[in-house]
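Could you put together the complete structure from these sequences and hints?
Number of protein chains: 2
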Amino acid sequence: MQPRIVSILGVGLLGGSIGLAVKERIKPCRVVGYGHKKATLDEALRLGAIDEAYGEPGRAVQGADVVVLCTPVGAFAEILRQIAPVVEGALITDVGSTKRSVVKLAEAILPQPARFVGSHPMAGSEKRGVRFARADLCDNALCLITPTDETDPVALSDVEAFWKILGMRTLRLSPADHDRRVAQISHLPHALAAIIVQAAGAESLELAGRGFLDLTRIAGGDGLLWRDILMDNRDNMRVCLAQVVLELQEFVSLLEPEKGEELRQFLDRAAAKRARIGRPGDADERGM
Amino acid sequence: MQPRIVSILGVGLLGGSIGLAVKERIKPCRVVGYGHKKATLDEALRLGAIDEAYGEPGRAVQGADVVVLCTPVGAFAEILRQIAPVVEGALITDVGSTKRSVVKLAEAILPQPARFVGSHPMAGSEKRGVRFARADLCDNALCLITPTDETDPVALSDVEAFWKILGMRTLRLSPADHDRRVAQISHLPHALAAIIVQAAGAESLELAGRGFLDLTRIAGGDGLLWRDILMDNRDNMRVCLAQVVLELQEFVSLLEPEKGEELRQFLDRAAAKRARIGRPGDADERGM
Chain L
4 MQPRIVSILG VGLLGGSIGL AVKERIKPCR VVGYGHKKAT LDEALRLGAI
54 DEAYGEPGRA VQGADVVVLC TPVGAFAEIL RQIAPVVEGA LITDVGSTKR
104 SVVKLAEAIL PQPARFVGSH PMAGSEKRGV RFARADLCDN ALCLITPTDE
154 TDPVALSDVE AFWKILGMRT LRLSPADHDR RVAQISHLPH ALAAIIVQAA
204 GAESLELAGR GFLDLTRIAG GDGLLWRDIL MDNRDNMRVC LAQVVLELQE
254 FVSLLEPEKG EELRQFLDRA AAKRARIGRP GDADERGM
Chain P
4 MQPRIVSILG VGLLGGSIGL AVKERIKPCR VVGYGHKKAT LDEALRLGAI
54 DEAYGEPGRA VQGADVVVLC TPVGAFAEIL RQIAPVVEGA LITDVGSTKR
104 SVVKLAEAIL PQPARFVGSH PMAGSEKRGV RFARADLCDN ALCLITPTDE
154 TDPVALSDVE AFWKILGMRT LRLSPADHDR RVAQISHLPH ALAAIIVQAA
204 GAESLELAGR GFLDLTRIAG GDGLLWRDIL MDNRDNMRVC LAQVVLELQE
254 FVSLLEPEKG EELRQFLDRA AAKRARIGRP GDADERGM
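Top to bottom, those sequences are chains L and P. For the first sequence, the positions run 4 to 291 when this note's numbering is used. For the second sequence, the positions run 4 to 291 when this note's numbering is used.
Calculated from the structure, these hints are not laboratory results. The reader is advised that the hints may include incorrect statements.
Each computed SDA-like pair below joins lysine to any residue, with the alpha-carbon atoms no more than 20 Å apart [unchecked claim]:
#1 P/K167 / L/E209
#2 L/K262 / P/S104
#3 L/K276 / P/D225
#4 L/K26 / L/A138
#5 P/K262 / L/V242
#6 P/K30 / P/M4
#7 L/K262 / P/M234
#8 L/K130 / P/R272
#9 L/K262 / P/K167
#10 L/K107 / L/N143
#11 P/K276 / L/G204
#12 L/K276 / P/Q201
#13 L/K276 / P/L228
Keep in mind that this is a model prediction, so the values were computed, not measured.
See below:
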């Protein structure tokens, strides 16, 4: 796994960070970027996240060994159609937060057998744009890889090697498993953060401290991007939200003086479960 | 406001931090601590959070100019009964997270006219114990002050001066207003963080990244402490939780392909509201 040309299609926070990491860790390697806004491409060039910029995906992937789709998932179909005639054996992956629809799209549009493998690097932040890109954004974070029965085994191990070079840990999951588990751990929390912010009155928000700010930090994400994600994964979201309503109802039933001991146990169980996944208080205990 | 003896009743994270801050900012001043565990008192002495330690509240407040109740709210009644005969004109305040019941208790137990004023320093963390105490824990954080019609005006300005010396901003609220607004901004988020942790399956938790960890950080708090808070403020909690259920139902109704634009608007409104209270991504933008 020693690519000489890597194409980043979509140079936002994550695409730009991947570009910076590739340039730092793979030498020699040229990074070619595609974006639909000239200003973004200029900024990516200026920051050194890419070496070359194009306004058409088809031109940005010419001669590429690795192609990474980093635009919002909603743009994938059109981009796949544009690159399909020109990718010629390149390893193709993406960074989309949902995988069933993306993998299905790639298998339908790219000429088979394609060297496509779906990826989901669990790195990023609610900050937007290439100006926040960092070479170490992916360091030590987890990258979920979602092969199917159609996936070429060499492409699979190549894509794992690629993310590992950038400092990530990898884990294989089926696209369906991915979407179900990520709904609980990422998509549901995003929706709840937005709901908590919306449920709070303006006069209460004046009192907001670190606890509230941490809890709702991810509600600051891009509405369009998250709309696509939540809509795409809406079957799993409905299951998760129904589960939360059940837990809420159980919780309300514990707010009775005679239920004090049960309420304490509920809170202690949650604290113990939380403690097992990361040291409380250390906001940076893992990459996002 | 130049106290020479400050009594800290309960030397945990917050009590210990107040002790360290008093010793750093008020000189000369002696800090006397009460705790029911000898090991905790020894650690507080060793860390320099207190100068003198007692196992009985009545002894710890003798000669004090300022007394700060820092134990869990559930212990306040017993402590107030023990110090009532010996406080002799000291300024008395507390750090409890609920205020209606605390203020009522103090007015019922302390001999009137008492120099008691309820306080709620919005500082702390889900970490527990004096070993995490820091002199700057309260720096720049907000301290809510909850006077009533019975409150002595000199005591009120003295207690505000005390917290300001420790680096806090202060805001006056009625006890009822306090409990209602803090329910939305602190108690509800705590309950929801616990609920989100409980709603996630173990195999999904393996994938948890920074977003999930931030969102659920406060779920790591002490179950007993939070049980007391949530139970004490259960009328407001029920109102908040009902509001969240309404928002959840609205959110679920937006997860339909034809509602994409409305879903995006919901998410954008939440992001804009969140942005107004703190820069997204900066977990330390304010004290807790």
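Evaluated hints:
1. Proposed proximity of P/K167 and L/E209 is supported: the alpha carbons are some 19 Å apart, at most 20 Å.
2. A distance of roughly 19 Å separates the Cα atoms of L/K262 and P/S104; the hinted pair therefore holds under the 20 Å criterion.
3. For a cut-off of 20 Å, the pair hint linking L/K276 to P/D225 stands: about 13 Å separates their Cα positions.
4. A threshold of 20 Å between alpha carbons decides the hint, and for L/K26 with L/A138 the separation of about 9 Å falls inside it, so the pair holds.
5. A threshold of 20 Å between alpha carbons decides the hint, and for P/K262 with L/V242 the separation of about 18 Å falls inside it, so the pair holds.
6. With a C-alpha separation of about 12 Å, the suggested pair P/K30 and P/M4 falls inside the 20 Å cut-off, and the hint holds.
7. Using a Cα cut-off of 20 Å, the hinted pair L/K262 and P/M234 holds, with the two alpha carbons roughly 9 Å apart.
8. Between L/K130 and P/R272 the CA atoms are separated by roughly 16 Å; this keeps the pair inside 20 Å, and the hint holds.
9. Straight-line distance between C-alpha atoms of L/K262 and P/K167 comes to about 39 Å, which puts the hinted pair past the 20 Å bound.
10. Using a Cα cut-off of 20 Å, the hinted pair L/K107 and L/N143 is violated, with the two alpha carbons roughly 29 Å apart.
11. This hinted pair checks out: P/K276 and L/G204 have alpha carbons roughly 10 Å apart, not beyond 20 Å.
12. At most 20 Å may separate the alpha-carbon atoms for a hinted pair to count; L/K276 and P/Q201 meet this at roughly 8 Å.
13. Our distance criterion of 20 Å between C-alpha atoms is met by L/K276 and P/L228, whose separation comes to about 18 Å.
Consistency with the previously given hints fails for numbers 9 and 10, ordered from lowest to highest.
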